[in-house]
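Colleague: Chain by chain, the residues:
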Amino acid sequence: MKGFLLICLPFFLIWGSSWAASASPGKVEIQPPSFARNLFVEKANLLTFRGAAPDGARIVIKVAGPERDFKLNKSGKALGFLWIPVRHGVAGAVPAFFAVLSSEKEGSSFFAEEQKAAGIFPDFRQWPGQGKVTFLEKTDPEEAETLSREFLQGLIRLLQEKGLYRQDETAVRVARGQFEARLLLPAEAPLGEYRVSIYVLEGEKTSLLAHESFVVQAAGPAAWLARQSRENPAFYGIMAVLIALAAGALVGVIFQLGGRR
Amino acid sequence: MDIYLPIAGLSINCFFLVGLGGLVGLLSGLFGVGGGFLLTPLLIFAGIPPTVAAASDSNQIVAAAASGAYAYSRMGRVDYKMGFVLLVGGIAGGSLGVQIIKTLLASGGIDFLIHSVYVLMLGLIGSFMFVESLKAARRRAKSPGREEPAAESGSFLRHLASRLPWQVHFAKSRIRTSILFPLFLGTAIGILAAIMGVGGGFILVPAMIYILGMPTIVAVGTSLFQIALTCVNLTVQQAVRNQNVDLVLVILLFIGSTVGAQIGARLGKALHGEQVRILMAVIVLAVAAKMLADLVTAPANLISLVTGGGGH
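Chains as they are written, first to last, in this note's numbering: chain A, 1 to 261; chain B, 1 to 312.
Just chain A, with the same shape it has in the complex (with noise of 0.2 angstroms):
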């Protein structure tokens, strides 16, 4: 029996270990956990989440980057022939990523009420989020309702041109209990926390399977120039103008020498 035990406890830990891995129900990894965006960047990064799928079920995922503020310009025709902006708005607290990930095209099997619930319409059709237009002008709620529509679907269609709102239904892979998807996120995605939200689908039923955040930040020259930026304007300024006048020098003193010669 020692003997027997000796032999199979080789095989109970490489199990027991990859079945940690694998991750257990509701815990899903993300890798890598967090981006550092310095000043030399890839076109865009490439994010793996894995977990455990109950049997025979499908898997969407939901990621929300950071809300932003959005100022927008509806243009219209003046004069006859010039496109100018002629209404200004800001749509709020609206995410500046949104990634729909699915085995398959998920519209016909996720329900309309399912996925208010939980904020997916991978068409795009309705507005992830909480987003809100407030008017620069003085507008009637009528006319403000079918021009905040406008202006949202409008921005939409500007962040998937963009590449930052995307479905991908090819993204996830289901196999032996276990799911693992993929995510090229553009160099373009914002700063700040991503919200990922993994749903499972079982038959008509759809249950939340967990949440989690991963985080793209600034680091090294890029992030301390964007925060002096904006937390020290007028050394920043100095700054620029110091660093340009020693390179006009540089440059004044290198052709000098050059004519010299």
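It is worth saying that the hints were derived from the structure and are not from the lab. You may find that some hints are simply not true.
As the list claims (entries may be wrong) - Here are some of the chain A residues that sit facing chain B, going by a computed Cβ distance under 7 angstroms:
| # | residue |
| --- | --- |
| 1 | 82 |
| 2 | 85 |
| 3 | 226 |
All residues carry an ideal CB built from backbone N, CA and C; glycine is no exception.
Position chain B relative to chain A; hints supplied.
Modeller: Only chain B this time, still in chain A's reference frame:
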């Protein structure tokens, strides 16, 4: 290799930016202008927010103009008296221009203003240069080897300036004019410089030659002196009030533009003055046409972002 611009809040290929700086430097070396009026629209076409493009360009001009002004100063070709009068106007105008940007940023009309001012100024200057250079080329063809006399197009304004109060003698420039005239000129250039992100040499130098009647070489040296100091003021003001000077962008552009300017200066020696000016006018008009097309073409998305930068 992509580089993250921390104030513009986007990443862009760094060789592209150095190349863009190099291209504008080449043109500026070839045509003898600062190049800011070409660089800002090209940066906007490349996706840099207009206000960040304009503010960073002002900072980039400090380096080039200071270097040039120092060289002219050593040759005794800077009229400091005239330069300081222009500078007072330039600082007042620049501060006013930065405030205009701040106000329009809040109301959302800034991108349209920058585009419109560019179309107007580039259209006017490009057309004037094209017609003037074409005439000069024709005259040169008729009587080769003959130097062109200075234009007298500013004689009316020069006469007007001589009748205004506070007449001052500017010894280095060998002119006597009312101090109000360069003061007004400096203010107008300052406002344009803030909005367009330019030094203003492409307006200031012809104005000093044709309207004030200054010798060309002193006009160029004085213009560089005034531009360098006006852009110092603009850089600090933009950094303090609008937080839209992107130092990383400035450094990359500067690396390209200094090298490009040297190549351009060597290439320029192979061309006649009017040929260079015609080529320059065509480029200026092409940029104006592209910007005009943006204003008159129906946008694919009626909703647009107001891109003030400094978002991160």
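Colleague: Min Cβ distance, residue 82(A) to chain B: is it shorter than 7 angstroms?
Modeller: holds (6 angstroms)
Colleague: Once the shortest beta carbon distance from residue 226(A) to chain B is found, is it less than 7 angstroms?
Modeller: holds (4 angstroms)
Colleague: Tell me if residue 85(A) is really an interface residue toward chain B, meaning its C-beta lies closer than 7 angstroms to one of theirs.
Modeller: With a closest approach of 6 angstroms, the residue 85(A) hint holds.
Against the hints set out earlier in the document, no violation occurs for any number.
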